[in-house]
Amino acid sequence: MIKVNTTVTKPRKSGADVAFVVCNTLFMIAFVVITLYPVLNTVAVSFNDGTDAVRGHIGLWPRIFSIKSYNTVLQKPTMKTAAIVSVLRTIIGTVLALATNALLAFVVSRKKFLFKSELSLFWVITMYVNGGMIPYILLFKTLHLSGTFWVYVIPGMLNAFNMLVMRTYMNGIPDSLEESAQLDGAGYFTIFWKIISPLCLPVYATVALFVAVGQWNSWFDTMLYNRMEDKYTTLQYELMKLLNSVTSNKGQNSSTNNTTQQSTVTPVTVRAAATVITMLPIICLYPFLQRYFVTGLTIGGVKE
Amino acid sequence: MADTNDTMVQSAPVKTNNARRRKRKPGDEFKTPITVKEMKKQSFLLGCTALFVIYGIIFNYIPIIGWLMAFQKYTPKDGLFGSQFVGLAKFKFLFDDEVFLRDIRNTLAMGIINLVTTFIMAIVFAILLNEIKNTLAKKCIQTISYLPHFLSWIVVCGILHDALSINGIVNDVIEFFGGERFNFFMYEGWFWPIVAFAQNWKETGWNAIIYLAAITSIDPCLYEAAAIDGAGRWAKIKYITLPGIKPTIMILLLMNVGNVLNAGFEVQYILGNDVIKKVAETIDIYCLTWGVSKWDYSLGTAAGVFKSLVSIVLIVIANMLAKRAGEERLF
Numbered sequence: 001m002i003k004v005n006t007t008v009t010k011p012r013k014s015g016a017d018v019a020f021v022v023c024n025t026l027f028m029i030a031f032v033v034i035t036l037y038p039v040l041n042t043v044a045v046s047f048n049d050g051t052d053a054v055r056g057h058i059g060l061w062p063r064i065f066s067i068k069s070y071n072t073v074l075q076k077p078t079m080k081t082a083a084i085v086s087v088l089r090t091i092i093g094t095v096l097a098l099a100t101n102a103l104l105a106f107v108v109s110r111k112k113f114l115f116k117s118e119l120s121l122f123w124v125i126t127m128y129v130n131g132g133m134i135p136y137i138l139l140f141k142t143l144h145l146s147g148t149f150w151v152y153v154i155p156g157m158l159n160a161f162n163m164l165v166m167r168t169y170m171n172g173i174p175d176s177l178e179e180s181a182q183l184d185g186a187g188y189f190t191i192f193w194k195i196i197s198p199l200c201l202p203v204y205a206t207v208a209l210f211v212a213v214g215q216w217n218s219w220f221d222t223m224l225y226n227r228m229e230d231k232y233t234t235l236q237y238e239l240m241k242l243l244n245s246v247t248s249n250k251g252q253n254s255s256t257n258n259t260t261q262q263s264t265v266t267p268v269t270v271r272a273a274a275t276v277i278t279m280l281p282i283i284c285l286y287p288f289l290q291r292y293f294v295t296g297l298t299i300g301g302v303k304e
Numbered sequence: 305m306a307d308t309n310d311t312m313v314q315s316a317p318v319k320t321n322n323a324r325r326r327k328r329k330p331g332d333e334f335k336t337p338i339t340v341k342e343m344k345k346q347s348f349l350l351g352c353t354a355l356f357v358i359y360g361i362i363f364n365y366i367p368i369i370g371w372l373m374a375f376q377k378y379t380p381k382d383g384l385f386g387s388q389f390v391g392l393a394k395f396k397f398l399f400d401d402e403v404f405l406r407d408i409r410n411t412l413a414m415g416i417i418n419l420v421t422t423f424i425m426a427i428v429f430a431i432l433l434n435e436i437k438n439t440l441a442k443k444c445i446q447t448i449s450y451l452p453h454f455l456s457w458i459v460v461c462g463i464l465h466d467a468l469s470i471n472g473i474v475n476d477v478i479e480f481f482g483g484e485r486f487n488f489f490m491y492e493g494w495f496w497p498i499v500a501f502a503q504n505w506k507e508t509g510w511n512a513i514i515y516l517a518a519i520t521s522i523d524p525c526l527y528e529a530a531a532i533d534g535a536g537r538w539a540k541i542k543y544i545t546l547p548g549i550k551p552t553i554m555i556l557l558l559m560n561v562g563n564v565l566n567a568g569f570e571v572q573y574i575l576g577n578d579v580i581k582k583v584a585e586t587i588d589i590y591c592l593t594w595g596v597s598k599w600d601y602s603l604g605t606a607a608g609v610f611k612s613l614v615s616i617v618l619i620v621i622a623n624m625l626a627k628r629a630g631e632e633r634l635f
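In order, the protein sequence lines correspond to chains U and Z.
Residues in the first sequence are numbered from 1 upward in steps of one, following the working numbering.
Residues in the second sequence are numbered from 305 upward in steps of one, following the working numbering.
There's no promise every hint is true.
Unchecked claim - A few chain Z residues facing chain U, derived, Cβ under 7 angstroms:
| id | residue |
| --- | --- |
| 1 | I338 |
| 2 | L349 |
| 3 | C352 |
| 4 | T353 |
| 5 | I431 |
| 6 | E435 |
| 7 | I445 |
| 8 | T447 |
| 9 | I463 |
| 10 | N471 |
| 11 | V474 |
| 12 | I478 |
| 13 | G482 |
| 14 | A539 |
| 15 | S597 |
| 16 | Y601 |
Hints were generated in silico from the structure; no laboratory data involved.
Note that the Cβ used here is the ideal one computed from N, Cα and C, for glycine as well.
My request is simple: use the sequences and hints to build the entire structure.
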C-alpha cells in the first residue's frame with residue numbers, strides 16, 4: 001500500500017509544489033534569521049569595545065574584542081546582589097510553588113474528598129477575578145511583605161492554572177492504587193508522598209519549569225515592592241534600570257562611563273553584557289526541557 | 305505571562321461547567337456523605353484545605369474587597385473601613401478624563417492588533433513548519449522558535465530597542481534600500497506596529513506548539529488518500545490541515561478574546577516615552593501613574609476595577625459563544 005503511494009506521488013511533484021517548497025524554505029530561513037540575529041548581535045556588542053560599539057553597525061562578530069564590559073558589570077556590587085537574589089527567588093519560589101500546588105492538586109483530585117468541588121471552585125474563581133495592582137500594594141504593605149524577600153515567593157505561590165494542570169494529570173492515575181495503599185494502612189500523606197508524587201514527576205517538571213521561568217524573568221514586583229531595597233534587587237530589575245537610562249535619553253548615549261581610563265566602557269556595551277548574563281542560564285537550559293513544556297501546554301489546552 | 309493566561313482561560317470554563325453540572329445532577333457522581341468518621345479519616349486533607357483556604361482568602365480574596373476603595377476617598381490613615389464613601393465620583397472622574405478614554409482606546413487597539421496578528425502568525429508558522437519534511441531541520445527551527453518566549457520582556461525590549469535604534473540593523477536595511485535613517489520611537493504611527501512585532505517575535509513559536517499538537521493528531525490516512533487523488537501541498541493544507549485544526553483555532557480565539565485588555569503592559573511601559581505617550585499608555589499604566597506615583601489609591605483602583613469588570617464580561621461572552629459553537633470536547 002505504502003509503496004503504491006510513493007510511486008504515485010513522486011512523479012506528480014508539480015511546479016506549484018516545487019514553488020511551495022522554495023517559498024516555505026525561504027520563509028523558515030527568514031524566520032530563523034529574524035529570531036536569532038538580534039540575540040546574536042547583542043552577544044557581539046557585549047564583547048565589543050565600548051566607544052567603538054557606539055558607532056553601531058556591529059554584525060554577528062565584535063569589531064574590537066574586549067571583555068571590559070563584563071568586568072564592569074560583574075564588579076558592580078548591586079549586580080552581585082541581584083544575581084544572588086534572582087537565583088534564590090527562582091529556587092525557593094519554584095520549590096514552594098511546586099510543593100503547595102502539588103498538595104492542593106492532590107487534595108482536589110481525591111474522589112472521596114468531602115469538599116472536592118467546593119475547593120476547586122474556590123480556586124478557579126481566582127483565575128477570573130483578581131484585585132488588581134493597587135489593592136495588592138496596600139495588602140503587602142499591611143502584611144509587611146513589601147521590602148522583604150518573601151514578597152517574591154509567597155504571594156504568587158498557589159496558582160489555579162498550575163493546580164489544574166496537575167489535577168488533570170492526577171485524575172488520570174487509577175484509583176485502585178490509592179485504595180490498595182489504604183488497605184495496607186497508608187494515610188493520605190503517605191499516598192501523596194509515596195504513591196502519587198513519584199508517578200507525577202513529568203507534570204511536576206512542567207509546572208516547575210513554568211514557575212522557574214516566571215520567577216527568573218519577573219521584574220515588575222521588584223519595582224513595585226522593593227524599589228528602595230537594594231539588597232533585594234533582581235537581575236531583571238537592574239537590567240531594566242540600565243535600559244531605562246538609555247531609552248530616556250534617546251540616542252545620546254555616547255558618553256563614556258569612566259573617562260579617566262583609556263579603556264572604554266559605554267552604556268551600550270554594559271547593557272549588552274548585562275543582557276547576555278541575564279539570558280544565559282535560560283538559553284543554556286531550555287533546549288533540554290522542551291519535552292516538559294510541550295507536555296504541559298498540551299495538558300492545559302488541547303486534550304482529546 | 306501572556307501564554308499562561310491564554311491557556312488558563314482555556315481550561316477553566318470547563319471546570320466551572322462541570323462543577324455546575326455536578327450540582328444539578330447529584331446522582332451523576334458518587335458523593336461521600338459528611339460524617340464524623342469520614343472527617344476523621346480525611347483529617348489530613350481537611351487540614352490542608354484549611355491552610356489553602358486561609359491562604360486564598362488572604363492573597364486572592366481580600367484584594368477583591370479592596371475594590372471598595374474605588375467608591376471611597378481612601379486615605380491610608382483612615383483605612384478601608386474608615387474612609388469616606390463618595391459613590392461613583394471616582395468613576396465619573398475617570399470617564400471625564402480624556403487621558404483615561406485615550407488609554408482605553410490604546411489598550412483595546414493594541415490588544416486587538418496583537419490578538420489578530422499573533423493568532424495568524426502562530427497558525428501560519430505551525431502549518432508551514434509541519435510541511436518541512438526534514439526532521440532535523442524541523443526540530444532545529446522549532447527549538448529556535450521557542451527561544452524568545454523564555455526571555456523576559458526587559459531583554460526583548462532591550463534587544464528590540466537596539467535593533468530599531470538609529471545605528472541599528474533595521475535602519476541599516478532601510479539605508480541599504482535607499483531610505484533615510486530615522487528614530488522609530490519618535491513617531492506615534494510606529495508604536496503599535498512595534499508592539500505587535502515584539503509580541504509576535506516573542507510568542508509565535510510558543511503559540512504554535514498547540515497547533516502543531518493538533519496537526520499531529522490529524523489522521524495521516526487523509527493525506528495519503530488526498531495524495532492518491534492528486535492533491536498538491538496547497539490543496540492538502542486547505543482541505544485537510546486547516547479543517548483539522550479549526551476546532552482548536554476557534555476555541556483559542558474565543559478564549560483569548562477575554563484577554564484582550566491584558567494584552568500588553570510591559571512593552572508599553574518599557575518602550576514608551578514622553579514623545580509618543582499619546583499612543584503608548586494603557587489602562588494599566590494609568591493605574592500605576594495614579595495609584596503609585598500620584599498617591600490616589602482610589603482612582604487607581606477604580607481604573608483597575610473597570611478593567612477587571614470589562615474582562616469578566618468579555619470572558620463570559622466568549623464562554624457562551626464557545627459553548628454555542630459546541631467545541632467543548634476539546635477540553
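Right, here's what the structure says about each hint:
1. I338: 5 angstroms, holds
2. L349: Holds - the Cβ of L349(Z) comes within 7 angstroms of chain U, reaching about 5 angstroms at its closest.
3. C352: 5 angstroms, holds
4. T353: 6 angstroms, holds
5. I431: 10 angstroms, violated
6. E435: With a minimum Cβ separation of about 6 angstroms from chain U (threshold 7 angstroms), the hint on E435(Z) holds.
7. I445: 6 angstroms, holds
8. T447: The hint holds - T447(Z) has a Cβ within 7 angstroms of chain U, the shortest such distance being about 5 angstroms.
9. I463: 5 angstroms, holds
10. N471: Result: holds, 2 angstroms to nearest chain U Cβ.
11. V474: The hint is violated - V474(Z) has no Cβ within 7 angstroms of chain U, the shortest such distance being about 10 angstroms.
12. I478: 13 angstroms, violated
13. G482: 17 angstroms, violated
14. A539: Since chain U brings no Cβ nearer than about 9 angstroms to A539(Z), farther than 7 angstroms, the hint is violated.
15. S597: This hint is violated: S597(Z) lies away from chain U, its Cβ roughly 12 angstroms from the closest one there, beyond 7 angstroms.
16. Y601: 5 angstroms, holds
Consistency with the previously given hints fails for numbers 5, 11, 12, 13, 14, 15, ordered from lowest to highest.
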